[in-house]
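Chains as they are written, first to last, in the working numbering: chain A, 598 to 1195; chain D, 5 to 353.
If you are wondering where the hints come from, they were derived from the structure by calculation, not from laboratory data. Model, not experiment: these values are computed from the prediction. Incorrect hints may have been included.
Said to hold, decoys possible - Which residues of chain D face chain A? A few of them, derived with a C-beta cut under 7 Å, are:
{"no.": "1", "residue": "Phe12"}
{"no.": "2", "residue": "Ser44"}
{"no.": "3", "residue": "Phe171"}
{"no.": "4", "residue": "Leu345"}
To be verified - Covered stretches of chain A (chain D as the covering partner; in silico rule of three or more C-beta atoms under 8 Å from a C-beta of chain D):
{"no.": "5", "segment": "952-964"}
{"no.": "6", "segment": "1044-1050"}
To be verified - Capping the alpha-carbon separation at 30 Å, the derived lysine-lysine pairs in DSSO-like fashion look like this:
{"no.": "7", "chain 1": "D", "residue 1": "Lys164", "chain 2": "A", "residue 2": "Lys1129"}
{"no.": "8", "chain 1": "A", "residue 1": "Lys921", "chain 2": "D", "residue 2": "Lys74"}
{"no.": "9", "chain 1": "D", "residue 1": "Lys19", "chain 2": "A", "residue 2": "Lys1129"}
{"no.": "10", "chain 1": "D", "residue 1": "Lys19", "chain 2": "A", "residue 2": "Lys1034"}
{"no.": "11", "chain 1": "A", "residue 1": "Lys698", "chain 2": "A", "residue 2": "Lys1018"}
{"no.": "12", "chain 1": "A", "residue 1": "Lys611", "chain 2": "D", "residue 2": "Lys9"}
{"no.": "13", "chain 1": "D", "residue 1": "Lys298", "chain 2": "A", "residue 2": "Lys1129"}
{"no.": "14", "chain 1": "D", "residue 1": "Lys150", "chain 2": "A", "residue 2": "Lys1129"}
{"no.": "15", "chain 1": "D", "residue 1": "Lys19", "chain 2": "A", "residue 2": "Lys1124"}
{"no.": "16", "chain 1": "D", "residue 1": "Lys16", "chain 2": "A", "residue 2": "Lys1124"}
{"no.": "17", "chain 1": "A", "residue 1": "Lys1129", "chain 2": "D", "residue 2": "Lys11"}
{"no.": "18", "chain 1": "D", "residue 1": "Lys168", "chain 2": "A", "residue 2": "Lys1034"}
{"no.": "19", "chain 1": "A", "residue 1": "Lys611", "chain 2": "D", "residue 2": "Lys16"}
{"no.": "20", "chain 1": "A", "residue 1": "Lys1124", "chain 2": "D", "residue 2": "Lys164"}
{"no.": "21", "chain 1": "A", "residue 1": "Lys611", "chain 2": "D", "residue 2": "Lys150"}
{"no.": "22", "chain 1": "D", "residue 1": "Lys9", "chain 2": "A", "residue 2": "Lys1034"}
C-beta atoms are modelled at their ideal positions from N, C-alpha and C, and glycine is treated no differently.
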Amino acid sequence: MQATDATNPEYFHKVVDCQYACPAHTPVPAYIRLIAQQRYTDAYLINWESNVFPGVLGRTCDRPCEPACRRGRVEEEPVAICRLKRVAADFKDEVAGMLPKAGPPNGKKIALIGAGPASLTVARDLAPLGYELHLYDEQAKGGGFMRSQIPSFRLPESVLDEEIGYILDMGGITTVFDTYVDSMAEMLNKGYDAIFVGSGAPRGRDLPKLPGRKEADANIHIGINWLANVAFEHTKEIGKRVIVLGGGNTAMDCCRTSRRLGGEDVKVIVRSPFAEMKASPWEKEDAIHEGIPIIDNHVPREFVLENGKLVGMTFDKVQPVYHKDGHRELVPTGEEPEFYPCDDVLVAIGQENAFPWIEKETGIRFTSWGTPIINDDETFQSTRKEVFFGGDSAFGPSNIITAVAHGHKAAVSIDFYCQGKTLSKRPPPHVTLIGQKMGIHEWSYDSIPITDERKIVPLEDLKKSLNDRMVEVELGFDAEAAFIEAERCLNCDAQTVFTDSNCIECDACQDICPTNCITFTQNAPEKELRAKLLVPADNTEQDLYVSGTLPTGRVMVKDEDVCLHCGLCAERCPTAAWDMQMFFYNTAKATPNLVDVK
Amino acid sequence: MSYYKPKFQHPKLPKNELGYTVADYDGAVSTLCAGCGHDSISAAIRNACFLSAIPPHRIAKLSGIGCSSKMPTYFLGRSHGFNSVHGRMPSVATGASVANRDLIYLGVSGDGDTASIGMGQFVHLIRRNVNMTYIVANNGCYGLTKGQDSATADLGSVGKYGTKNPFDGIDLASLAVLQGASFVGRSFSGDKEQLEPLIRAAMAHRGFAFIDVVSPCVTFANNVGSTKSYAATRENLDAMPIDFVPMREEIRTQYKEGSSQTVTLHDGSIIHLLKARKDYKADSREDALMALQKANSTGKVLTGLLYLDPNSQDLNQVLELASKPLNSLGMDELCPGSRVLKSINEGLR
């Protein structure tokens, strides 16, 4: 194998699994260390700089970081990264004064359509540069999907208002709320230097052709619309018996909200097998905890009416068959259709993009999926060069943190576009790599990982939370639980940096490594090399760190897979060929250094 | 602060026949200098015991005084141990072996502990063929007292402070062959591929097995001019690789005909001597001595299995001692009564 080029920041970036998996690449271990030091405000600021809505995301994020967490490969459970983020938000001091303000006007004017997480991120990144930003939304308040679709028992409105306020209070941002933008052509004539579309993926998918759909319309609701109606208090109750169709997180929000609005017999009925449902495992657990059964492998067949009123639904039973190419087919079992009685049905089977307000003559072209054709997933520029897309409106439904990541990149593009720079030349990330040695047995971070198991977040009393949908179910960690949970972090950003020329091949690192990551051996092609390490490196998603050829003709090979970043290799190295160096990787934003954390 | 190892292990760490992982053979984290050759020997012992699937509680570690003699703390944390007086480990080992012949004895000593203060005891240990493995971590200097030349320092080797050693060093391997040791090997701490099978073979051998291991002192003798530095040892290394196949394992590796010699131990285990010299016989003292002298005269460090007598009789056999450990003998066996005493007395009249 070729020697690893550790001077390329992308190599060590990939080693920090959580940060790498995060669409916005939030420096997770850095802020977790700050939480352990009770520097909650600094932890919050690092988050805010990267993901804009730490308080919101600390409660609602889809957490791509947690399945990626190295701890999950070393023991049972990953670090509770998401809930630690909430700790930073819960325990921080007043931060308003530490956040940046709008810069002196630079004469450029930008329209942001839709006030969801993507547009708000663009606004925050561009305001300090002096852009005049006009933020349009059909709702009365900003937040978009975060406000309309996420129930209050998961995300209190006060948290959302606070974090949106931080952005709107920067200055330079004019809100045009209660205004539905119905023509892109008109917007293009208003003299904006650039337009960002972050209007989300607003249409919930329906089952228009299912027998009985039209006749039973009064008791059939589209999940995300229904959730929005609940949020705005247009809907305050639901029937006693509710069927929720769908297996995603929206279905989980629907069924749990139903339990709070009078639903007593609430069921989730889903086509796919339980294990393959799109909902996050913890969302499913929470629903089951609230007494909601999840019935899988059932395909809707018919809405059943009696005297013109919905009384239930029939379903065909299926079983999954997996073909060689990995394709899954749901094959009818041939059993009799099954009937489930109900008063109301919530359809939460996905969302579709829709841009009825973007005229053909604007030159903005769309794919056959209904999503805009975008230059690439770095620039977010549409086929009309001054129009940019981001969030769910760019590539279809995803999640908040993805929308934020889009917003950062789009903001860079918009800035470059307005300043006449080349969009494809993306700015490099801000990277530092600093030695952490403090003494013979001492590092600047808690190097030896603790063995405590993942802390469980305490919940509000079930009766109390089912009685009032405004009561937040999760109570969050207290300071002590947060400290232990933070100490579970393996500090994967404390990188093991190897300098070939210093190595005298004493093998001390290989002997001491508690997880047998390091092997000195003859070089070979990657597949062969992986097989002949002390413990074969089966996890091919994780890289091998390979040195140049050493004096005895061998190479040092480190399997990154289960490295604990405990620093023992560096402690037992007589020549400092190994060193633990703290790696900080911050993706480029339109405004660099938004916050000041030492 | 990391004076102990994290508890986490690789989830796919292999297990031996006893169901133990190599981590079950770990000891405390070493307090020797980072990069010390001794730590590599500790790891080689750990790996050897793991590979040979020896139950840790069947092993007794014995040592004297010195950096080398601290080593037993750093491997086999679940075995018995006795840290004795300087140079007096052989007496303790002899006593222990006679008292309980069922334990596997592993002595760890250094060039000072063996070749200076302990020399008198060492040669008698060999002479009596006590059933044990005796490893000398040989760095040619007194690391614990800041690196003075030891009795095994080579003539002309330069110390850390720039002075040349004016005396000829004692070659412990030659001495052991000459004194009649039934198993003599030499190795290098930086060559685990050879050291591990050598330790496994030594532990399987019945009788006194001696291994002299060149183990660089990274702090006081790793300088230019030192003959026992990592660089100098590697440069002058003349290694005879070996492979060890325990009795219960089937032989998987095929060696080209003529490329290796095999030696079968008393328990049926097999030692393969790879790339063996055509005219070298591992069961000949004369060949061993000749090869060692030749290597010494050309400044080479000859490593590998130097001499082996697979049919040696250990101390317990020679003295026809009880076949069971003393602590397992019952009252009737220890004190057979006046009738037996009478018959003995009768026999002497």
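- Out of the numbered hints, which ones does the structure contradict? Result: hints 3, 4, 5, 7, 8, 10, 13, 14, 18, 20, 21 break, sorted rising.
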